[in-house]
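**Q** Listed below are the residues making up each chain.
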Amino acid sequence: MSSHSHVEGQLPHEPERATLEGRNKITGFWLFLGGETVLFGTLFAAYLTLRGQIMDGPAPNELFDFALVAVATALLLTSSLTSVFSMQAMHRHDVKGLIGWLLVTLVLGAAFLGVEIYEFNHYAHMGHTFSASAFSTSFYTLVGFHGAHVAFGLFWVILLLFQLKKRGLNTTTAPKVYLFSLYWHFIDVVWVFIFTVVYLMGKVG
Amino acid sequence: MAHAHAHAVKRRTGIMDWLTTVDHKKIGIMYLLAGGFFFLIGGLEAILIRLQLMFPQSDVVSAQFYNELITMHGTTMIFLAAMPIIFGFMNAIIPLQIGARDVAYPFVNALGFWTFFFGGLLLNISFIAGTVPDAGWTMYAPLSGTTYTEHHGTDYYVIGLQISGIGTLIGGINFLVTIINMRAPGMTFMRMPMFTWASFITSALILFAFPALTVGLAALMFDRIFNGNFFNPSAGGNVVLWEHIFWIFGHPEVYILILPAFGIISEVVSTFSRKRLFGYSSMVFATVLIGFLGFMVWAHHMFTTGLGAIANALFSIATMLIAVPTGIKIFNWLFTMWGGSIRFTVANMFAVGFVPTFVMGGVTGVMLAVAPADYQYHDTYFVVAHFHYVIVGGLVMGIFAGMHYWWPKMFGRMLSEKLGIWTFWMFYIGFHLTFFVQHFLGLLGMPRRIWQYLDGMGLNNLNFISTIGALMMGVGTIMFLINVVITMRKPKNLSNDPWEDGRTLEWTIPSPAPEYNFAQTPLVRGYDAWWHEKMEGNTKMTPVEPIGPIHMPSPSILPFFMAVGLFIAGFGFMYSKPADWGTTGLIIGAAGLLITFGCMALRSWFDDHGFHIEEEEILKDQGVKA
Amino acid sequence: MAGHEQTTQRSDVKTTKQEGSKKHIIAFIFSILLTFIAFALVMAGEINIDFVYILLVVLAIVQVFVQMAFWMHMKDRGHTFAIIAILSGVIVVFTCVIMALFWTTW
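Residue numbers (the numbering used here), protein chains in the order written: chain H, 1 to 205; chain X, 1001 to 1626; chain Z, 2001 to 2106.
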């Protein structure tokens, strides 16, 4: 509520925490991420329960394409790093750097999503459709939920980029960008478990 | 603090005021109204169920309609009546109790209300559409799947609850942040009133339990609408998985419901015994422990699914453990009353009545926790009696106590005590008549969810008594409504502390509270802050700031439209199968989501500068009240 | 509102100490390394499956730990409730969800 209580022109080192509103947002977002942990945990549980039920469809180790997963992982991991750089730029009050690194993050995220869509398409052609088996349903739900999070993040960062362009960095925009970076790291963290539990363990057998 | 952004005070009136408000007190009232409305619908369903069971082999309702009634009664009462009424209290009271001017996210608060409301509306529109959910409130697969439920009943359940669940989840996060960040100076965690503590833990349970329900509902929706196979055994799906996911959410849900009632009872008992709550810190500890253990016991709903002896034994023990912190609470209430100068106001009668009733529900709970015995009780009326003892005898009694206790603070008028006493006895006796005999019906072997029973099985008399009790509860509820109507015609003339024994901060400000709650943020110098000042001979709290302009958030219509968007999207997706509207359904669904996300983007794009309530206005308010 | 007083104190707590990119790049390299080991472990094949499973999960947990500590700043001050939130989520996931899984697939 007190987004304008600051002396104009003197942005603090951590502008995202400068106002009560900003601090509320950060606390609440962390709590939200705690809830998201349970959401993805439940999806993982459903997947692990059902992953053996392949019926007539392809088995995980025949299906998964290692190269694609490696590329997707590299893209998302790097995008997580670039969003760290964007936060550092923000703390230096370097708006140009902030926008630049966010753009890089956006491009990497979009590339990740492209790879994933290609991958899903590829699997569907191999008979691994959503309705093929309990394995396929739970696979697409888990990885798809993650993909939907990525897509939401991309729209979010586009909106934020426009705001930064128009209004610059202030105590209202800073918390928004900070929350996006938390969100983006969280997506990356979930992906670490997805490539481990879904792809690598699927490949092992 | 800068006047640079002081905007003209823009205040709406009439219906637009209610549609756009972000004031936690108004949102609280809306929660009470909507929750009360759904409570009446659920109550009507309950009366119909009991009328059907009044005599053996009766035909008051058809078998199909009976199934719809039991499903909708359970779902409505839990998700659309009990939780919203609790949220109503949390909204109306928590900011006042912690000395805050508002909740952490006023906008999100309004959004939470509207998504809950439109989710509940969607669920109940199934009655008009003629395809009502009928697979029981637990929606066990495969009964709820497309094979056994071809009509749209389950879809209404899945999508309606998904939408209202979003509202509940963001409401929970809002209260967590409010309590963490918005407390007045001096209001440490261990000085927070018990109701605030209970709501804090409840909100945490919501945060960690509801995502599991989200996943479960999404999975069931995918199965039904997009031909998924989560719970379809012929394609490798697993039906027990639904039960696990549902109860991982469902058991914490029980504590989400009962903890705030514990909080209300603690406030009421302590106020009307004119004593500090006995064992405050052990009370806090017990609340946290119940919240923690609440997550470890879900499988006691599933003893008969064949989990195996080890699992059953573990969950048995974990379940019995919950009796320990609950017992701590019971004894603390008794010791609070012990030696106090007790006033039997209606609120206190409900609170005192709550204690033995809840103990009985707890005892049958421990009986059910004994896994081998549960094989006998499972799916009988014994279970029905047990959970109504904790939910009606616990939660609803708590709600009634809270209504009578905080009504003056919320509306500035006192509910009639005379009529309240009649309400209490009617409801209390009716409640025990209804559900006490159901224990014995269960032990005699009457299964739950059964439409008819045969004559000559020894079930006639007890069922008849039970129905009479249900009608009495209905009469009690109507008395309460009459009381509300009568009270609304009284003048608003109450003092800050109408009970005169108020202990917490909400009793230091006018009844009803002004828009900004506290003209000056108070300094909290101990547990039971207001009582603490009274004991030192002070007539008001020490302020920590001079009177000055107060910044308020602007009202907004966006939350309303975001919820409408979800409502439209739900309808679209529900009928998006080729047999229904096909692609048109998908387009409608996408359009609905576009409205929601569009409003979200608008909210992000346009900063809310809010407005200021000026000093003169605050002083004027004070002049009138003081 | 109630937080104005704290506003000014908070802002200049650590203004002097500029955060370098070095530790973040080290975290990145570490993450890449852990990922690479995980992939290599699977590519190698011919190893005891249970052993590989456990090792993969351990590698994932270590990587997530590193990223959360450094990139999400959970090791820094003022993150008590962040840690409580994530930890509670993890506890719920492990007690409920994983146990449920264990019993459904048993």
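If you are wondering where the hints come from, they were derived from the structure by calculation, not from laboratory data.
Careful, some of the hints might be misleading.
What the hints assert, rightly or not - Straight-line distance between alpha carbons at most 30 Å, and here's what the computed BS3-like set of lysine-lysine pairs gives: (1) H:25 / X:1026; (2) Z:2075 / Z:2022; (3) H:203 / Z:2075; (4) H:165 / Z:2022; (5) X:1620 / X:1490; (6) X:1577 / X:1026; (7) X:1620 / X:1534; (8) X:1620 / X:1492; (9) H:176 / Z:2023; (10) Z:2022 / H:25; (11) X:1540 / X:1492; (12) X:1540 / X:1490; (13) H:203 / Z:2022; (14) H:96 / Z:2022; (15) X:1026 / H:176; (16) X:1418 / X:1492; (17) X:1026 / X:1620; (18) H:96 / Z:2075; (19) H:176 / Z:2075; (20) H:166 / Z:2075; (21) H:176 / H:165; (22) Z:2022 / H:176; (23) H:203 / H:25; (24) H:166 / H:176.
**Q** Checked against the structure, which of the hints given earlier come out wrong?
**A** When the structure is compared with the hints, numbers 3, 6, 13, 20, 23 turn out to be violated.
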